[in-house]
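Chemist: The chain contents come next:
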Amino acid sequence: MTPRALLLGDPGPTPFVGQFRCAISAGPAALSIAGRVGAEAGLERAFEVSGLLAHALRSLQPVSPDRFALLRATWELLALMPGESLGPAAGGDLCLLLLSEDPGGACVAGVGLSMVWASDERALMPLVEVPHPLLCPAGRPSRTPGVLNLERAPHCIVGAPAHLPATAPTLAELRARTGVRG
Amino acid sequence: MSHPLDPAALAELDLRAGLPALREALWKAAEQDQPVIEAVRLIASRDRVALAELLVGPRAVAHPRLLAASLAVIEILEAAIAPKSLYRRLGDLAGGSPLDVLEVAIARHPEAVWLVELSGRLEGRNAGALHLAALVDRPAFGAFCALYAKAGLRSGLVAAGQHSGRIEPVSSLAQVGAEVELRTLTQSLLCAEPPPPIVAWLAATWGPDLDAFIERLIPTLREPRAVRALARQAHLLPRSSLKLRALARSLG
Chain A
1 MTPRALLLGD
11 PGPTPFVGQF
21 RCAISAGPAA
31 LSIAGRVGAE
41 AGLERAFEVS
51 GLLAHALRSL
61 QPVSPDRFAL
71 LRATWELLAL
81 MPGESLGPAA
91 GGDLCLLLLS
101 EDPGGACVAG
111 VGLSMVWASD
121 ERALMPLVEV
131 PHPLLCPAGR
141 PSRTPGVLNL
151 ERAPHCIVGA
161 PAHLPATAPT
171 LAELRARTGV
181 RG
Chain B
1 MSHPLDPAAL
11 AELDLRAGLP
21 ALREALWKAA
31 EQDQPVIEAV
41 RLIASRDRVA
51 LAELLVGPRA
61 VAHPRLLAAS
71 LAVIEILEAA
81 IAPKSLYRRL
91 GDLAGGSPLD
101 VLEVAIARHP
111 EAVWLVELSG
121 RLEGRNAGAL
131 HLAALVDRPA
141 FGAFCALYAK
151 AGLRSGLVAA
161 GQHSGRIEPV
171 SSLAQVGAEV
181 ELRTLTQSLL
191 CAEPPPPIVA
201 WLAATWGPDL
211 DAFIERLIPT
221 LREPRAVRAL
231 ARQAHLLPRS
241 SLKLRALARS
251 LG
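So the protein lines, in turn, are chains A and B.
Position 79 of the first sequence, counting from 1, maps to 79 under this note's numbering, and the rest follow consecutively.
Position 34 of the second sequence, counting from 1, maps to 34 under this note's numbering, and the rest follow consecutively.
What the simulated footprint calls covered on chain B by chain A, stretch by stretch (three residues with Cβ under 8 Å from a Cβ of chain A suffice, anywhere in the stretch; the number is not a length):
id : region
1  : 169-181
2  : 193-201
3  : 205-214
4  : 233-244
Hints listed in this document are in silico derivations from the structure and should not be mistaken for laboratory results.
Here the structure is a predicted model, which means the values were calculated and not measured.
All C-beta atoms, glycine included, are put in the ideal place defined by N, C-alpha and C.
Chain A on its own, in the form it takes in the complex (with noise of 0.2 Å):
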């Protein structure tokens, strides 16, 4: 199954150090991540911190089985997790892109982010306009973030890293640009 969020890689030879994707679902809802964390510290080290990172996403219990629960018990985790165990910058370079969505609609929320595309397997449309409060420095957020609400979801979307230009891939390169295989 196609990821739903999507991260853009760095150009260069190792262009997802750091990066990490996971999905969680409660009852009816489903969250979506694509994340990068500790790209800095190395490649094994970044490997490492994003994997924790990842494992911890993976046991979030949300208090409720619905979009808008997942997103504050992702957010309630990260302030949670000691500095130390999101790598040498403690979370301060944090890209984080969520998707959550029930039957009764969908939600965008993350930081880090450059620029979020959505795409309908034909084209990849930007999400929203230049400044947008979804587009934000990296790092874990001081408070909680906004919430961008959608009728449905779209099939995926794509955010680029806030380091990264924000400049969209082509439908063709969109699955080398962010490691999808198969």
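Position chain B against the provided structure of chain A, taking the given hints into account.
Modeler: What follows is chain B alone, placed relative to chain A:
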């Protein structure tokens, strides 16, 4: 009348006017397995353009036994013809010894990008193995691994990774999505002592959804130490870590 390849005759000969006779004489000498290197050196010392006409030009003496003579005067041939075209042409004329040409090209121009194409033409199935083996201690090794991967010359990359134990062939294969070759190389590297951090490299180059790849890799592992190494490295991957732990336990 003296033989055209006789040193005294060669010294007197107008080489460009005498090209037809020289071609015929070189061909006959090669056919009869007579030494020609001294004559070729003498021609080289007098006229490198005539030399190039005889050995690599459009009407070159296309006899495989002349290859050693061409390689003996390679510096002079390179002064007459750009190396990329020269080695390509020599490869065409090399008969059953194309690797002799490739080895000389690699020794003289180890970081030339055109070697990727030349290796593909001359080295056959393992294209790139010779070149990458020569580069393994140079900073350009990783960049050339990427070039071979992009050129679709993957078996040589696997061989280079197996022989060197280096990680760059892994990341280059991952970047082009060459899963079959990647599995072969990963199996080998996991048996190294100590194994390189392959899973972290794969995550950085293949992409963050590694579980499916590792799950397909597991049934191909034949060595218990490879299973144990992979279990240690993949402990943060949710699906494959469970399978690997169970498998490692069953191995004792």
